[in-house]
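Peer 1: Chains as they are written, first to last, in my numbering: chain G, 144 to 280; chain B, 144 to 280.
There may be inaccurate statements among the hints.
Since the list gives no way to pick one copy over another, a pair counts as held whenever it fits inside one copy or between any two copies.
What the hints assert, rightly or not - Computed cross-link-like contacts, EDC-like style, restricted to lysine to aspartate or glutamate with a CA-CA straight-line distance of at most 16 Å:
{"#": "1", "residue 1": "K235", "residue 2": "E255"}
{"#": "2", "residue 1": "K229", "residue 2": "E262"}
{"#": "3", "residue 1": "K235", "residue 2": "E174"}
{"#": "4", "residue 1": "K229", "residue 2": "E174"}
Read the hints as simulated data drawn from the structure, not as lab findings.
Protein chains: 2
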Amino acid sequence: MGHKDADVCEIYYVNEAHVRNARQALSPEREILSLAETFRTLGDPTRVRILQALSVEELCVCDLSKLLGISESGTSHQLRVLRSQKLVRYRKEGKMAFYSLDDAHIDSLMNEALRHVREGADQARERAERIHERAGQ
Amino acid sequence: MGHKDADVCEIYYVNEAHVRNARQALSPEREILSLAETFRTLGDPTRVRILQALSVEELCVCDLSKLLGISESGTSHQLRVLRSQKLVRYRKEGKMAFYSLDDAHIDSLMNEALRHVREGADQARERAERIHERAGQ
DNA sequence: CTCTTTGCTGCACATCTGTTCATACGTTAA
DNA sequence: TTAACGTATGAACAGATGTGCAGCAAAGAG
């Protein structure tokens, strides 16, 4: 079960130095929490769909609900979560509430993540192709 | 409770068009799911700390465990999650396993998100905490 | 060989999440 | 005023999530 206090890992000063270096690289606690909460908010397929949809044009709860295929209540709940992280903002016009992306970073974030995801998919496809080549011989 | 089939929202052709436009903007389903899963993986304070630490230099499970203040088992669990999303990779040297960031997008992703957070998500976090407090009671 | 060390994994459990249903709020029209 | 509509909120529940514990495998030390 790992190790106790006076241990090999702690004796080597280089590792201690590594830990200290890494610790200095960490953002302040509240930034870490904010970061994680922002990512967690993005970490839901429904909310990803909402943000991709809003990257084109503003939409009302009603339209989003149809697009997503979930209830308007559920849509409203998700929009509140996105609002709480300042990922979307809304504009009221009469009874309607039109939602849009809150700031420009969000689109770049999504695109950067999309690039990462696609890179993984590409690597997987290349691996699969190599396997098929070998299998074909 | 919203509205039924033949409804105002559907009668105005513009809204129908909006829904169609937005739907076309959506990534394929598998990409949406991959995106969400990647973000969800990033959406945990412990894993954010791991990635920030690894952005400086590679570290072993032992060092990370000390840095994070959690058990080595827990650290290993989290690293497995990060590996499954190709966010970190590892190199074995004897008994030790040295982990590092897997690709360059990850650092940009984190920095972009950090910029968003610093722009004023602190107030948002407080609001979210209030919501969670109320939800927890 | 046996013992230690380092990391990985299955299991369990408390907590959290996303959704729907029912209901309340604010706006517009009659 | 009353009624209808678009949206927001509260309650509740199935399902998922993060972490520690115990056990195991691999590699080196003795």
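Peer 1: Take the hints in turn and mark each one as holding or not.
Peer 2: Now for the hints, and whether the structure bears them out:
Taking the shortest Cα distances, K235 and E255 never come within 16 Å of each other, neither inside one copy (31 Å) nor across copies (29 Å). Within a single copy, K229 and E262 get their C-alpha atoms only as close as 28 Å, which misses the 16 Å cut-off; across copies the closest is 10 Å, which meets it. Proximity of K235 to E174 under the C-alpha cut-off of 16 Å is found in neither arrangement, the shortest distances being 31 Å within a copy and 32 Å between copies. Proximity of K229 to E174 under the C-alpha cut-off of 16 Å is restricted to the intra-copy arrangement: shortest distance 15 Å within a copy versus 24 Å between copies.
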